[in-house]
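Participant: Sequence:
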Amino acid sequence: MSRVIFLVDGQSFYASIEKASHPEYQNRPVAVGDPARKSGIILAACPVAKSKGVTTAERVGEALAKCPELVVIRPRMQRYITISLLITEIFESVTDLVEPYSIDEQFLDITGSIPLFGSAEEIAHQIQSRIQLSTGVWSRVGIGPTKILAKMATDNFAKKRSDGIFRLGFENMEKDLWPLPVNQMFMVGSRMTKHFVRMGLNTIGDIARLDLGQFKRMMRREMRKQSDIQAEYYWQTANGADCSEVVPSIRGALKSISHGKALRSSLYKNSADIEVVLLELVVEVCRRARRHGYQGRVVSVGAVETDGEKSYWFGRQVTLPQPTSLTHEVAAAAQKLFIDNWKGYPVSRLFVSLTQLSNDDVYQLTLFEDRAAAYELERATDQIKDWYGSDAIMRASSLLASGVARERAAQIGGHFK
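Reminder that position 277 of the sequence shown reads as 277 in UniProt numbering, one-by-one numbering, no gaps.
Source of the hints: derived by calculation from the structure; they are not laboratory data.
Certain hints may be false.
Pair by pair, the computed Cβ-Cβ distance ranges are [as the list claims (entries may be wrong)]: (1) Trp342 to Leu400: 18 to 26 angstroms; (2) Asp307 to Ile41: 21 to 29 angstroms; (3) Thr88 to Ser397: 32 to 40 angstroms; (4) Ser256 to Ala373: 25 to 33 angstroms; (5) Lys66 to Leu400: 25 to 33 angstroms; (6) Lys194 to Asn172: 28 to 36 angstroms; (7) Ser21 to Arg297: 27 to 35 angstroms.
The calculated DSS-like cross-link candidates involving lysine-lysine, where the alpha carbons are at most 25 angstroms apart (straight line), are [unchecked claim]: (8) Lys66 to Lys50; (9) Lys160 to Lys52; (10) Lys50 to Lys159; (11) Lys66 to Lys160.
Cβ atoms here follow ideal geometry from the backbone N, Cα and C, with glycine treated the same way.
Could you put together the complete structure from these sequences and hints?
Facilitator: Here it is, written out as structure tokens:
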């Protein structure tokens, strides 16, 4: 049966939430970023700011130079997550097939909802109205028989229409989608665009009209490597082919648990300072593992170090005698891996991961350590952090100047809560 799928996108999501919270800025250019850091980046800009040349991902100082009257508001990531979850509840009142794609984009399969709520366009209008009344965010809705067409309908058409709605199907794909430049096809970046242009494929239709076998041969000549999988993916995308379903979940079974941190290399030159951060990363990895009911057998450590001119990367792993999610066991392995492989240069990035996961409902006892008591202590610590915040209880080393745990506790994804 032909499906009807939405990709709903929140316009200038962070900036729209802030403008809804600050009515006094309604007609002013607003951007979300850290106003105290001119070298920081703009995370989102409202349409008024964009009309004055402000773009996302540019420096705050550059944006203010273009638009001196720009209001820069510090991000509130917890607020944005809360609003995103509220929008998900609105979607779930229409269909139980809701799949988050990002914090401001979600897929909906409304095939079974049409007999209850009206046509796809009517449902789209209802959703737009409910989201705007509840959050102040204007939404754009792409409609298609596949997820890939719904996504391209949103990005290339719905965002440019005053009503914010566009249907892209197999019947109008040749007329509306195929004439577009190839860089407007989903998942085609600047590098792949250059490849396609050199191959004489300037529009999406140039790819879609090719025989798949011919396209594969062209890709092999251009890429000088085995590229059949890439060729098949782009050919299917150009033709709107996508058999993936809308899955009401954001993750499958975990295969690894990791945590990393970008560092200012000028501050992390000696092992004592670096090992403080390394231990903090291990603490978070083990806490996540216990939260999800896992323990791991393989510990991996990676680092980027620099001599001021060149960067060097290493990644090493070790298999432990038994699976664990105890901080002191993982920390001992991680510290040894780092010391054995570090060249001695300042470190600009550090990461720790735990793999070869298994359920932690059974774990190995030893003659020389009460591991059951150690797990009880770790889980008690986890509970305190869950109730009162990640900085409610922490290692003494995190209070040193090199520690980053306190700073991270006030952030989500590296941004202010």
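Participant: Does the structure break any of the earlier hints, and which numbers would those be?
Facilitator: The structure breaks hints 5 and 7; every other hint is satisfied.
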